Amino acid sequence: MQACPNEAIRITIVDKDRIARERKKTNFLPGAPDSGYTLPTTQYHTGKDLPRNMSPGDLYKIKPEPPHLPLVIMLALTQLSVGGFLTAIALRLLFPTDLVAALTPFHSLVALLLGLLALSASTMHLGRPLYAWRAFIGLKTSWLSREILLFGLFAGCALIYAAAQWLPVVTRFMKVPVWDVLCSATFRNVLGIGVTVSGLAGVFCSIMIYQDTRRTFWRTTTTSLKFVGTTLLLGPATILFSMLSQSVFAPAIAAQTLFHQIVHLLCAFIAAATTAKLLWELTLFTHLNDAEWTNTKRTATLMSRELKRVTISRFASGTFGGVVLPVVGLLGTLNAGIAAGILALSLLGEMLERYLFFTAVIPPKMPGGIAS
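Residue numbers (the working numbering): 124 to 495.
This list has only true hints and no planted wrong ones.
Distance condition first, Cα-Cα at most 20 Å in a straight line; then the derived EDC-like pairs of lysine to aspartate or glutamate: (1) 488 / 335; (2) 184 / 429; (3) 488 / 181; (4) 431 / 188; (5) 184 / 415; (6) 420 / 188; (7) 420 / 181; (8) 139 / 157; (9) 186 / 415; (10) 488 / 157; (11) 186 / 429; (12) 184 / 413; (13) 431 / 404; (14) 488 / 415; (15) 488 / 188; (16) 420 / 404; (17) 263 / 335.
To be clear, the hints were calculated from the coordinates, so they are not data collected in a lab.
As the structure is a prediction and not an experimental result, all values here were calculated from the model.
Using the sequences plus the hints, can you model the full thing?
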C-alpha cells in the first residue's frame, strides 16, 4: 500500500460476519470460486455496470488437468483394500463354516498387502513425505488430515486382524496364554468391526476432500458413487482371485459345493456392480447435448475429445474385466487365470476412471487475464 505511487490500494478493517452474509447472496464473478465459500474481502470498484451475460475470456478453452498418478493409485488401492476386508467379513457372517474360516487368512493377507501398497504410493504425492506425521495438526478442520489418520488406523487394525487370522495356523502346536486371546473368535470379531469402521470412515473422508473443493465434477453424489462403487467392485474381485489362487494349492477346497456357490455369488455381484457403475458413468455424455456451456458439458467434451483414448480404454477394460469375464465364470468356465484377469482388468478400469476423475475436472479460476 505504501509503495503504490497512485494510492490505489488501501487496507481496511472488515466485519467478517457482514462479509459472510453479503458473499452468500451472489457470486460476483462467473468462473471464479463461489464467494459464499471463499468469503473474499477484496473489493473491485468500477464505474461501469457489469453485463448480465459476463463470462470468463477463455470460457471455451478447455484442457486436461494434471493426473496426480500417486493419488490415482492410492485411491483405487485403498478402496480395493477396504472392499476386500468388507467382502471377507461379510462371507464369514453369511457362511460361518470351516471352509470360509480356512479361506479368511489368505483373504486378509492379500487385502492387507494391497492396502499397504496404496498408503506407500500416497507418499509420492507429498513434497516432503517425512513430514506426513504432522497431518494430525489439521485434524479439527482438514478432511485430508482425517483421511490420513483413519487410513493409518485402518492399516493398524487390518495388520492385527490379518495376524490374528494366521495365529491359529502358526501356533497350532504351541501353547502360550496370550495367543489364546489373540486367536479367539471374540477378539477377531472386535478387530473386524475396527477394520470395517475405520476403512469406511477413511473412504468417507476421501469423498469429502474432493466435495469440499466445490467443483462440479467432484460434487458429493458423483464422488460418492465413484468411490463406493470402486470399493464394492474391487473388493469382491480381490476375494475371488484370492479364493481361486488358494484352490490351486489346496484342490480339496475347490471340490466343496459351498466353494462354487461363493464363487458364483461373487461373479454375479461383480458383473451387476460393474454394469450399474458403467451405465451410470455413461450418463455424463448426455450433457453433450446441453444448450449451455456448463462445467458438466465441458467435462464430457474433454472426455470425448482430448481424453477420448483414455475414456474408451476405461470402458473397454471395465466391460471386459467386470462383465464379460464374470459372466464366463457364471457359465462354468472359471479358474485362477480368469480370476486374475477379472481383478487386473477391473483394477485397470477403475484406475483409468480415477485418472479421468482428475484430468477431466473443470476447476474454478481466480480473477486474472485470459492466459491465467
